[in-house]
Amino acid sequence: MDSDFHCMTVVSERLLKDDIIELMKEEGAKGFSITDSVGEGSRGVHASDWEGRNVKIESIVHDETAKRILKRIADHYFEDYAVIAYTYPVTVVREQKFK
Amino acid sequence: MDSDFHCMTVVSERLLKDDIIELMKEEGAKGFSITDSVGEGSRGVHASDWEGRNVKIESIVHDETAKRILKRIADHYFEDYAVIAYTYPVTVVREQKFK
Amino acid sequence: MDSDFHCMTVVSERLLKDDIIELMKEEGAKGFSITDSVGEGSRGVHASDWEGRNVKIESIVHDETAKRILKRIADHYFEDYAVIAYTYPVTVVREQKFK
Chain A
0 MDSDFHCMTV VSERLLKDDI IELMKEEGAK GFSITDSVGE GSRGVHASDW EGRNVKIESI
60 VHDETAKRIL KRIADHYFED YAVIAYTYPV TVVREQKFK
Chain B
0 MDSDFHCMTV VSERLLKDDI IELMKEEGAK GFSITDSVGE GSRGVHASDW EGRNVKIESI
60 VHDETAKRIL KRIADHYFED YAVIAYTYPV TVVREQKFK
Chain C
0 MDSDFHCMTV VSERLLKDDI IELMKEEGAK GFSITDSVGE GSRGVHASDW EGRNVKIESI
60 VHDETAKRIL KRIADHYFED YAVIAYTYPV TVVREQKFK
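Sequence order for the protein chains is A, B and C. Residue 21 in numbering that gives the first Met the number 0 is what sits at position 22 of the first sequence, and the numbering runs on without skipping anything. Residue 77 in numbering that gives the first Met the number 0 is what sits at position 78 of the second sequence, and the numbering runs on without skipping anything. Residue 46 in numbering that gives the first Met the number 0 is what sits at position 47 of the third sequence, and the numbering runs on without skipping anything.
Please keep in mind that the hints were generated in silico from the structure rather than gathered at the bench. Hints are not guaranteed to be accurate.
As the list makes no split between identical chains, a pair holds if one copy fits it or if it spans any two.
[Stated by the list, open to error] Computed list of lysine-lysine pairs in DSBU-like fashion (alpha-carbon distance at most 30 angstroms, straight line): (1) 16 <-> 70; (2) 29 <-> 66; (3) 66 <-> 55.
Using the sequences provided together with the hints, build the complete structure.
In structure tokens, the structure reads:
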């Protein structure tokens, strides 16, 4: 088992989905699990964007990759979009799949 | 980056969604991501409530907020409803958004 | 509150859902939350299986149970199927519900 991996999670309006996946791929993420969700409550600059239909993007990545993705998403989206990004350590088996 | 945040997660029958969000707001949660899910297996007092259409409510909150929400949900719902609640630490950027 | 629990998470093609839940039950998991998701990106041997409609299975289990499930899923599925499995510690209340 291997604990140097993180689940990188991004919740955003659906319009940004492809852009965010592209950004994550550039930083080394390989596979993505995408779930529809609904946002409630104001969070961020565009409350009206956050409310309503959102998408949750998850990818298992190396911890260093997670840090880079988190920083780039903050730099690119937090000013103008209602994007939530967080990461947490997970234990996986067969790390080679995520490299 | 900031690590004093938690992802507070509640899985319940859909009927309780608004009540649980209200409780979480009272304790300081600001934004919510809501996902439809399906429950299988018996867990808790009302297995028949748990099986079937559920809702998963997630909110990024301060660790102290997570503790309060966890305790209140246990006190209010665990006796009579099939509610699962758990929390785990996450790393975020720009903590001010969640305050 | 109790911290000896993990959220065991498995993402797979939908065809495997019942098999994976059965395996998890054999190892002691009691309740499951199942969410529809969509896979993007190649990850694992059958990229074509991973892309498209997936299912995310989550269960709150004891940490030892999570380790056993993780190992068995790796042994049974990783060779031939596009399955992602990971586990992370969570804090819960009223541990008896998950026993």
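*For which of the previously enumerated hints does the structure constitute a violation, in increasing order of number?*
none
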